[in-house]
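Working from the sequences, and respecting the hints, build out all of it.
Read top to bottom, the protein sequences are chains A and B. For what it's worth, our numbering labels the leading residue of the first sequence as 32, then goes sequentially. For what it's worth, our numbering labels the leading residue of the second sequence as 32, then goes sequentially.
One thing to keep in mind: the hints can contain errors.
The list treats identical chains as one, so a pair stands whether inside a single copy or across any two.
[Stated by the list, open to error] Calculated lysine-lysine pairs in the BS3-like style (CA-CA distance at most 25 Å, straight line):
1. Lys-179 to Lys-33
2. Lys-210 to Lys-251
3. Lys-33 to Lys-151
4. Lys-357 to Lys-33
5. Lys-179 to Lys-36
6. Lys-36 to Lys-401
7. Lys-33 to Lys-416
Since the hints were derived computationally from the structure, they do not count as laboratory data.
Residue-level listing of the chains:
There are 2 protein chains.
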Amino acid sequence: MKPVKVGLCGLGTVGSGTINVLRRNMREISARAGTEIIIEQIGARRDNSACDTSSENVVRDIFEVARNPDVDIVIELIGGTTVAKELVELAIDNGKHVVTANKAMIAEFGNELFARAEAKGVTIAYEAAVAGGIPIIKALREGLAANKIEWLAGIINGTGNFILTEMKDKGRDFADVLKEAQDLGYAEADPTFDVEGIDAAHKLVILASIAFGMPLQFDKIFTEGISTIEPQDLTYAQELGYRIKHLGIARQSDQGVELRVHPTLIPEKRLIANVDGVMNAVLVKGDAVGPTLYYGPGAGAEPTASAVVADLVDVVRSFTAAQENKIAHLGFASDALTEFPIVPMSDVETAYYLRMTAEDRPGTLNQVTKVLSDTGISIEAVIQKEPTSGESAVSLILLTSRALEKQLLAAIESIEALDEIEGQVAHIRVESLG
Amino acid sequence: MKPVKVGLCGLGTVGSGTINVLRRNMREISARAGTEIIIEQIGARRDNSACDTSSENVVRDIFEVARNPDVDIVIELIGGTTVAKELVELAIDNGKHVVTANKAMIAEFGNELFARAEAKGVTIAYEAAVAGGIPIIKALREGLAANKIEWLAGIINGTGNFILTEMKDKGRDFADVLKEAQDLGYAEADPTFDVEGIDAAHKLVILASIAFGMPLQFDKIFTEGISTIEPQDLTYAQELGYRIKHLGIARQSDQGVELRVHPTLIPEKRLIANVDGVMNAVLVKGDAVGPTLYYGPGAGAEPTASAVVADLVDVVRSFTAAQENKIAHLGFASDALTEFPIVPMSDVETAYYLRMTAEDRPGTLNQVTKVLSDTGISIEAVIQKEPTSGESAVSLILLTSRALEKQLLAAIESIEALDEIEGQVAHIRVESLG
Numbered sequence: 032m033k034p035v036k037v038g039l040c041g042l043g044t045v046g047s048g049t050i051n052v053l054r055r056n057m058r059e060i061s062a063r064a065g066t067e068i069i070i071e072q073i074g075a076r077r078d079n080s081a082c083d084t085s086s087e088n089v090v091r092d093i094f095e096v097a098r099n100p101d102v103d104i105v106i107e108l109i110g111g112t113t114v115a116k117e118l119v120e121l122a123i124d125n126g127k128h129v130v131t132a133n134k135a136m137i138a139e140f141g142n143e144l145f146a147r148a149e150a151k152g153v154t155i156a157y158e159a160a161v162a163g164g165i166p167i168i169k170a171l172r173e174g175l176a177a178n179k180i181e182w183l184a185g186i187i188n189g190t191g192n193f194i195l196t197e198m199k200d201k202g203r204d205f206a207d208v209l210k211e212a213q214d215l216g217y218a219e220a221d222p223t224f225d226v227e228g229i230d231a232a233h234k235l236v237i238l239a240s241i242a243f244g245m246p247l248q249f250d251k252i253f254t255e256g257i258s259t260i261e262p263q264d265l266t267y268a269q270e271l272g273y274r275i276k277h278l279g280i281a282r283q284s285d286q287g288v289e290l291r292v293h294p295t296l297i298p299e300k301r302l303i304a305n306v307d308g309v310m311n312a313v314l315v316k317g318d319a320v321g322p323t324l325y326y327g328p329g330a331g332a333e334p335t336a337s338a339v340v341a342d343l344v345d346v347v348r349s350f351t352a353a354q355e356n357k358i359a360h361l362g363f364a365s366d367a368l369t370e371f372p373i374v375p376m377s378d379v380e381t382a383y384y385l386r387m388t389a390e391d392r393p394g395t396l397n398q399v400t401k402v403l404s405d406t407g408i409s410i411e412a413v414i415q416k417e418p419t420s421g422e423s424a425v426s427l428i429l430l431t432s433r434a435l436e437k438q439l440l441a442a443i444e445s446i447e448a449l450d451e452i453e454g455q456v457a458h459i460r461v462e463s464l465g
Numbered sequence: 032m033k034p035v036k037v038g039l040c041g042l043g044t045v046g047s048g049t050i051n052v053l054r055r056n057m058r059e060i061s062a063r064a065g066t067e068i069i070i071e072q073i074g075a076r077r078d079n080s081a082c083d084t085s086s087e088n089v090v091r092d093i094f095e096v097a098r099n100p101d102v103d104i105v106i107e108l109i110g111g112t113t114v115a116k117e118l119v120e121l122a123i124d125n126g127k128h129v130v131t132a133n134k135a136m137i138a139e140f141g142n143e144l145f146a147r148a149e150a151k152g153v154t155i156a157y158e159a160a161v162a163g164g165i166p167i168i169k170a171l172r173e174g175l176a177a178n179k180i181e182w183l184a185g186i187i188n189g190t191g192n193f194i195l196t197e198m199k200d201k202g203r204d205f206a207d208v209l210k211e212a213q214d215l216g217y218a219e220a221d222p223t224f225d226v227e228g229i230d231a232a233h234k235l236v237i238l239a240s241i242a243f244g245m246p247l248q249f250d251k252i253f254t255e256g257i258s259t260i261e262p263q264d265l266t267y268a269q270e271l272g273y274r275i276k277h278l279g280i281a282r283q284s285d286q287g288v289e290l291r292v293h294p295t296l297i298p299e300k301r302l303i304a305n306v307d308g309v310m311n312a313v314l315v316k317g318d319a320v321g322p323t324l325y326y327g328p329g330a331g332a333e334p335t336a337s338a339v340v341a342d343l344v345d346v347v348r349s350f351t352a353a354q355e356n357k358i359a360h361l362g363f364a365s366d367a368l369t370e371f372p373i374v375p376m377s378d379v380e381t382a383y384y385l386r387m388t389a390e391d392r393p394g395t396l397n398q399v400t401k402v403l404s405d406t407g408i409s410i411e412a413v414i415q416k417e418p419t420s421g422e423s424a425v426s427l428i429l430l431t432s433r434a435l436e437k438q439l440l441a442a443i444e445s446i447e448a449l450d451e452i453e454g455q456v457a458h459i460r461v462e463s464l465g
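Listed below in structure tokens is the structure:
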């Protein structure tokens with residue numbers, strides 16, 4: 032088979048990592064792909080000292096790469112949803128396959144890009160868009176192809192997990208750890224994407240679409256960030272036998288599909304509860320296989336490059352397959368996708384962790400439990416500490432039974448109206464993931 | 032695309048599970064495969080009440096299935112290496128693709144079967160042969176295709192892991208838990224395959240061959256079982272911050288490839304140290320991606336069926352690909368496999384846990400540490416308990432630095448010759464898996 036020629040656009044962290052991995056592991060990669068993979072052209076506005084490109088064909092106009100008749104596969108590592116999307120469209124229109132690590136572009140424009148690619152008979156591969164080096168797209172789309180997926184839950188933002196881990200292990204507060212994450216280069220100067228769950232939502236919508244066989248519906252995801260989590264919540268969670276993780280959760284139910292990103296208490300005995308630092312993990316529940324978990328680095332130059340190059344090899348292997356035998360972009364053939372309704376958050380059922388500040392006087396706990404009980408919510412566990420000296424207020428922590436979000440919010444409103452309760456009631460959802 | 036017709040041979044646990052999964056999830060499976068998958072014929076010597084086959088075309092002669100001109104893919108779920116191998120050979124010779132869950136057959140006869148299949152232009156798919164429902168073959172062969180694999184370590188026998196978990200959690204001894212595992216149906220009447228590591232060795236040789244790109248070399252694996260582990264070892268390991276797991280380990284070094292199955296102390300902070308009960312997990316270290324872990328059920332009807340059906344879908348997708356674009360059976364193109372030397376166990380370096388019974392008198396510990404120090408081995412941790420009343424002997428537990436196995440065994444011989452030491456010194460290897 033003649034060598035495959037790739038054009039790589041974007042010479043940032045992942046771009047230079049990809050070139051370095053392709054060069055270093057050329058023997059293994061060629062032996063696995065069944066052919067040599069050659070970097071035909073690089074499109075980059077500037078050089079990157081992490082990777083010597085002096086002997087490469089580098090052009091400053093990335094669109095030139097998508098028009099280069101010698102290029103078989105365009106690797107898009109620009110990021111963002113404007114120039115990157117134009118580049119991918121041009122590559123497709125020129126009959127080139129595309130490999131991308133761009134989660135925002137796939138999550139927001141995947142439906143139209145996949146349709147465009149299918150019309151041209153080319154493939155868009157995007158393993159690197161979710162959970163970095165973990166081959167989770169492949170596992171869901173191929174490895175678990177026998178299963179009805181019931182639900183999945185993932186730690187799919189390393190920055191957020193690093194922050195929560197530091198808060199738990201060292202009792203530091205959110206703003207302090209975020210500052211460190213920014214200094215370490217884990218978090219962007221504008222950390223909103225990471226800590227408010229938008230990055231996780233991009234990844235979740237991709238995973239959910241493959242799991243359930245539905246078009247991408249990014250705008251319908253419920254997203255709640257971690258900036259309101261306090262160190263004491265992590266401590267109380269541990270006392271109760273739980274860990275707090277920022278999870279992306281997708282679940283199929285009779286009402287449709289739940290799509291939500293929010294901080295979540297998980298029993299500490301679950302493996303995923305013990306995934307710390309910048310690592311990612313996705314737990315998937317299939318009806319035949321049961322629970323499987325996939326763990327690894329969710330970001331970084333070479334972990335992401337690992338997924339980009341695996342996609343390259345996959346695309347090469349699909350070259351001679353008839354269109355009908357190619358793996359559909361979302362796993363299910365495009366005419367077999369189902370537009371499942373997305374369940375509104377108010378109708379989602381979970382258990383809850385509640386933390387409130389209460390006056391230390393007889394009957395307070397009773398007042399609170401009465402409100403919950405009147406709403407049909409029972410209490411699974413309580414922590415009430417003695418007030419510190421000189422204080423008359425105490426922290427009251429409750430774990431509730433499973434309830435609809437709207438029931439719980441109504442109960443919280445009534446609790447906050449009680450004379451004995453000061454300020455707001457903090458609530459965090461609880462999932463057993465069993 | 033016209034429906035794909037499969038012939039399924041063997042109607043035991045996995046066979047009936049496969050039929051049940053194919054029937055129940057036909058919509059999802061067809062949508063993912065891009066075509067309908069039909070059970071054309073079943074070959075089974077007897078029926079199985081777990082699965083109604085009254086409306087199926089069942090034959091008692093399994094070889095009839097391999098000769099049936101209407102069958103595209105033969106699923107071999109007979110087990111063993113005699114009849115199963117003949118069946119697979121006949122299927123290949125008749126130009127049929129094969130899907131199998133048979134680890135012994137692949138580990139022992141994979142090289143010749145793969146060559147036979149390649150000569151005929153057909154595929155043998157065997158995801159179900161290793162770690163049940165976990166798509167680990169796919170992850171290693173495709174998902175991590177960009178990487179030089181440095182090492183992998185797996186809990187790949189659920190029975191052994193169940194036994195060690197019960198011993199740890201309940202302080203029960205080996206024989207007692209083994210009996211329970213047999214009653215529960217986890218362990219065979221002859222438990223040798225599970226507890227002596229032969230089953231794990233079958234799986235390890237397959238994983239290692241794919242990881243490093245080498246022919247299968249089952250006869251060269253070092254294997255040590257778990258029957259000599261005592262409940263006190265599990266307790267002492269915990270005191271030292273470790274767990275004991277029965278691991279299959281493959282590692283590439285300058286001397287060649289290490290292939291070994293043995294009980295291993297792992298730091299408790301590693302995720303894999305916390306994989307309990309019958310669950311399996313494989314930790315893989317790639318040079319680009321870093322560590323990734325794959326976790327799930329390693330056995331059982333539907334978890335194994337999940338892998339069998341995923342292979343079916345994969346085989347269907349490869350139908351129209353040119354031979355050069357098909358995934359090689361061991362990941363690397365067959366002419367790119369390397370016959371790496373297997374490192375003899377005496378030249379393998381690990382740290383060690385040592386447990387011995389010593390007389391409780393001054394200077395004993397010093398005598399032991401002197402022997403080790405003279406051999407160039409240093410001590411990382413010690414546990415010495417006070418003797419129980421009326422006893423003059425104490426248990427002495429040491430964690431050593433890394434040393435070659437032959438050095439360690441020489442040191443043990445000298446320690447056992449000391450007057451202060453009673454009986455034999457138990458030793459268990461320690462791996463940091465960092």
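Now the hints, each set against the structure:
no. : hint               : verdict
1   : Lys-179 to Lys-33  : between (40 Å within a copy, 23 Å between copies)
2   : Lys-210 to Lys-251 : neither (30 Å within a copy, 53 Å between copies)
3   : Lys-33 to Lys-151  : both (22 Å within a copy, 23 Å between copies)
4   : Lys-357 to Lys-33  : both (21 Å within a copy, 15 Å between copies)
5   : Lys-179 to Lys-36  : between (38 Å within a copy, 22 Å between copies)
6   : Lys-36 to Lys-401  : neither (69 Å within a copy, 62 Å between copies)
7   : Lys-33 to Lys-416  : neither (72 Å within a copy, 68 Å between copies)
Hints 2, 6, 7 from the list above are not met by this structure, while the remaining hints are.
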